[in-house]
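Engineer: What follows is each chain in one-letter form.
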Amino acid sequence: MAYLSAYQYYENGGVAPEDANWGSYQYVSLKDIVNNFMLMYAGNHSLVNNEERYKVLFHAKRAIQELNYDAFKEIKALELSVCDTLRFVLPHDYVNWVRISLYKDGVLRPLTENIQINSATAYLQDNDCRILFDASGNILKPEFSDIDLDRITGQKKSIYLNKGSQFNGLEGYCCDGEWYFDYGIGARYGLNTETANANPTFRIDKQAGVINFSSEMAGEMCILEYVSDGMEGGNDTLITVNKLFEEFVYAYIRYAILNSKVGVQEYIVSRARKERSALLRNAKIRISNIHPGRLLMNLRGREKWIK
Amino acid sequence: MINSVRNTVLSVLNKNNYGYLSPSDFNLFAKQAQLDIFDNYFYQYNYQIMKENARQSGTGYADIKKGYEEVIDLFSVTNDLTHIADNEFSAPSVITTGDDYYLIVKVLCYDASAPPRVFKGEAEKVHNSQITMLLNSMLTAPSETFPAYVLNGSTITVYPETFDAATEVSCNYIRYPNPPKWTYVTLTNGEPSFDQTATDFQDFELPLDDEVDLVMKILQYAGISIRESDVYSFANSEEAQGSQEEK
Numbered sequence: 001m002a003y004l005s006a007y008q009y010y011e012n013g014g015v016a017p018e019d020a021n022w023g024s025y026q027y028v029s030l031k032d033i034v035n036n037f038m039l040m041y042a043g044n045h046s047l048v049n050n051e052e053r054y055k056v057l058f059h060a061k062r063a064i065q066e067l068n069y070d071a072f073k074e075i076k077a078l079e080l081s082v083c084d085t086l087r088f089v090l091p092h093d094y095v096n097w098v099r100i101s102l103y104k105d106g107v108l109r110p111l112t113e114n115i116q117i118n119s120a121t122a123y124l125q126d127n128d129c130r131i132l133f134d135a136s137g138n139i140l141k142p143e144f145s146d147i148d149l150d151r152i153t154g155q156k157k158s159i160y161l162n163k164g165s166q167f168n169g170l171e172g173y174c175c176d177g178e179w180y181f182d183y184g185i186g187a188r189y190g191l192n193t194e195t196a197n198a199n200p201t202f203r204i205d206k207q208a209g210v211i212n213f214s215s216e217m218a219g220e221m222c223i224l225e226y227v228s229d230g231m232e233g234g235n236d237t238l239i240t241v242n243k244l245f246e247e248f249v250y251a252y253i254r255y256a257i258l259n260s261k262v263g264v265q266e267y268i269v270s271r272a273r274k275e276r277s278a279l280l281r282n283a284k285i286r287i288s289n290i291h292p293g294r295l296l297m298n299l300r301g302r303e304k305w306i307k
Numbered sequence: 001m002i003n004s005v006r007n008t009v010l011s012v013l014n015k016n017n018y019g020y021l022s023p024s025d026f027n028l029f030a031k032q033a034q035l036d037i038f039d040n041y042f043y044q045y046n047y048q049i050m051k052e053n054a055r056q057s058g059t060g061y062a063d064i065k066k067g068y069e070e071v072i073d074l075f076s077v078t079n080d081l082t083h084i085a086d087n088e089f090s091a092p093s094v095i096t097t098g099d100d101y102y103l104i105v106k107v108l109c110y111d112a113s114a115p116p117r118v119f120k121g122e123a124e125k126v127h128n129s130q131i132t133m134l135l136n137s138m139l140t141a142p143s144e145t146f147p148a149y150v151l152n153g154s155t156i157t158v159y160p161e162t163f164d165a166a167t168e169v170s171c172n173y174i175r176y177p178n179p180p181k182w183t184y185v186t187l188t189n190g191e192p193s194f195d196q197t198a199t200d201f202q203d204f205e206l207p208l209d210d211e212v213d214l215v216m217k218i219l220q221y222a223g224i225s226i227r228e229s230d231v232y233s234f235a236n237s238e239e240a241q242g243s244q245e246e247k
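Residue numbers (the working numbering), protein chains in the order written: chain S, 1 to 307; chain L, 1 to 247.
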């Protein structure tokens, strides 16, 4: 792919969308990766020879997927409002979550993952607790389980110290001449810090593909930060990799092919593996952006007085 | 070159009154000889690559592989493939592209929905046994950036199926050399005289340094034809010696 002119970069050559090429110089496309590999690392006089292009493509994509999971630090963010069902459907390119936040009153509040389950599937049962089936032998299920229904209707109590807490709203009580109130007033001894959070909670149901929130989240705005696998919904033209990882991707492909090829001497496979690992380390260090300015910012906190 | 080859062949054949080769027989043998040598170029090319990998070949004037590449490239042709239906196209042939193909080098895919057509990607040859799995693969399914094709008889099927119109697929291939034809006019005494102005005249397409090989090949066929084992043995041993020297 040819280099872009300044006009193409800033204005996309006068064609909408204007921002199509902004920042594109950081990345190298999958097409370039595969082309470059076939030209430079495969052929009559190379270690990799007589390999189909689709194998190179497969390993290139696998390398990009692996990089997206942890090395790239390319976090996607999606903002959606949570309706009365208290559900947030995971994005189509979701692989794993990084952080889930409530956006309210202009403040981003990171939410805590509920350590208890908050959703379950239920089977219909008769009075003898026998499971009910339809004519085809399928188990009959209600639309919501009790725990789901309670959560959605706000009946479910929470072990977290938020509005759903079992103590929330209770009147104070007197014991040995001392008044004890809800957690909002006075001291609280034996606090479980893990659950001491006033924000709504969530739990991810991976199989169902949804995030289930506690009832305080109804009608609120949620921001999900997550990582994808970089496959861009299968559109090969959009798949890119940061240039800092370009050499690693070549090394990954080379190693993957040599490792699975019969008759390749072990020392060659070993050399390819070491090269891959070293390049990954280098790339991770580079992308971590350790430079004097950042170190200085961190070191400034060193002299801070702690009361 | 064809007249020179024929004169040499006839000269050897007539030396001891072994026999005479008619123009039609010569043309048949010439075609066969040219195909033999043409085919051998690919094996020689591969042999040279193996020698290179074993670090047994040189560069510059000693780069034998380069010479073979140049000869093979003489037969390299790029043509648009004729669209049959949907994503199916005709493989190169005399009827569709003007030449039969010896080897498909690459298949190029374009988006021709609006002129000028835009190059999308080079299609990869995939075996019939793999295309179904490939199409069902999330990561390696053919896309417009990385298309694939399979060959069924004389039909090339291109994937993804969006390549489905004329001028959307072109092909670079190595064509077969045209059959040589020594054309002549018959004089009054019955002796054929070479006439290269005839419309169906076709010279050999191989380079000049193949003249000796062509003569030897044709002599072998002629020796068998006229049942003269001496001619066949002579040509055969000459050819074997030539091949040995080239290695």
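Be aware that one or more of the hints could be misleading.
Said to hold, decoys possible - Straight line, CA to CA, 27 Å or less: simulated DSS-like cross-link-like pairs of lysine-lysine:
id	chain 1	residue 1	chain 2	residue 2
1	L	125	L	66
2	L	125	S	261
3	S	55	L	125
4	S	261	L	31
5	L	31	S	55
6	L	106	S	31
7	S	31	S	274
8	S	141	S	163
9	S	31	L	125
10	L	106	S	261
Stated by the list, open to error - Just the calculated beta-carbon pair ranges, DEER-fashion:
id	chain 1	residue 1	chain 2	residue 2	range
11	L	105	S	233	53 to 63 Å
12	S	243	L	136	28 to 38 Å
13	S	125	L	135	25 to 35 Å
14	S	125	L	137	42 to 52 Å
15	S	263	L	79	50 to 60 Å
16	S	263	L	105	49 to 59 Å
17	L	161	S	233	12 to 22 Å
18	L	32	S	262	33 to 43 Å
19	L	79	S	10	49 to 59 Å
20	L	135	S	117	15 to 25 Å
It is worth saying that the hints were derived from the structure and are not from the lab.
A quick note: this is a predicted structure, and the numbers were derived from the prediction, not measured.
Beta carbons: idealized from backbone N, C-alpha and C, even for Gly.
Engineer: Taking the hints in turn, state whether each one holds.
Structural biologist: Quick rundown of the hints versus the structure:
1. Of the pairs offered as hints, the one joining residue 125 of chain L and residue 66 of chain L holds, with about 25 Å between alpha carbons and a cut-off of 27 Å not exceeded.
2. Restraint check: the Cα-Cα separation between residue 125 of chain L and residue 261 of chain S comes to about 20 Å, which is no more than 27 Å; the hinted pair holds.
3. For the suggested pair residue 55 of chain S and residue 125 of chain L, the alpha carbons sit about 13 Å apart, so the restraint of at most 27 Å is met.
4. Our distance criterion of 27 Å between C-alpha atoms is broken by residue 261 of chain S and residue 31 of chain L, whose separation comes to about 42 Å.
5. Taking the CA atoms of residue 31 of chain L and residue 55 of chain S, the gap is near 41 Å; set against the 27 Å cutoff, the hint is violated.
6. Distance check on the hinted pair: residue 106 of chain L and residue 31 of chain S sit about 17 Å apart at the alpha-carbon level, within 27 Å; holds.
7. Restraint check for residue 31 of chain S and residue 274 of chain S: the C-alpha separation of about 26 Å stays at or below 27 Å, so the hint holds.
8. Simply put, residue 141 of chain S and residue 163 of chain S have alpha-carbon atoms about 30 Å apart, too far for the 27 Å limit, and the pair is violated.
9. About 17 Å separates the Cα atoms of residue 31 of chain S and residue 125 of chain L, which keeps this hinted pair within 27 Å; it holds.
10. In summary, the hint linking residue 106 of chain L to residue 261 of chain S is supported, as the alpha carbons are separated by about 25 Å, within the 27 Å threshold.
11. Judged by the Cβ atoms, the range 53 to 63 Å given for residue 105 of chain L and residue 233 of chain S is violated: they are separated by roughly 33 Å.
12. Our hint of 28 to 38 Å for residue 243 of chain S and residue 136 of chain L holds, since their Cβ atoms are close to 33 Å apart.
13. Separated by about 46 Å at the C-beta atoms, residue 125 of chain S and residue 135 of chain L break the suggested range of 25 to 35 Å.
14. Distance hint check for residue 125 of chain S and residue 137 of chain L: the Cβ-Cβ separation is about 44 Å, which falls inside the suggested range of 42 to 52 Å.
15. Taking 50 to 60 Å as the suggested C-beta distance range, the pair residue 263 of chain S and residue 79 of chain L does not conform, at roughly 39 Å.
16. Between residue 263 of chain S and residue 105 of chain L the CB atoms are about 27 Å apart, so this pair departs from the stated range of 49 to 59 Å.
17. At roughly 19 Å, the beta carbons of residue 161 of chain L and residue 233 of chain S sit within the given window of 12 to 22 Å.
18. Checked against the given bound of 33 to 43 Å, the beta carbons of residue 32 of chain L and residue 262 of chain S, roughly 40 Å apart, stay inside it.
19. With their beta carbons about 41 Å apart, residue 79 of chain L and residue 10 of chain S fall outside the hinted range of 49 to 59 Å.
20. The given range of 15 to 25 Å is broken by residue 135 of chain L and residue 117 of chain S, whose C-beta atoms sit roughly 40 Å from each other.
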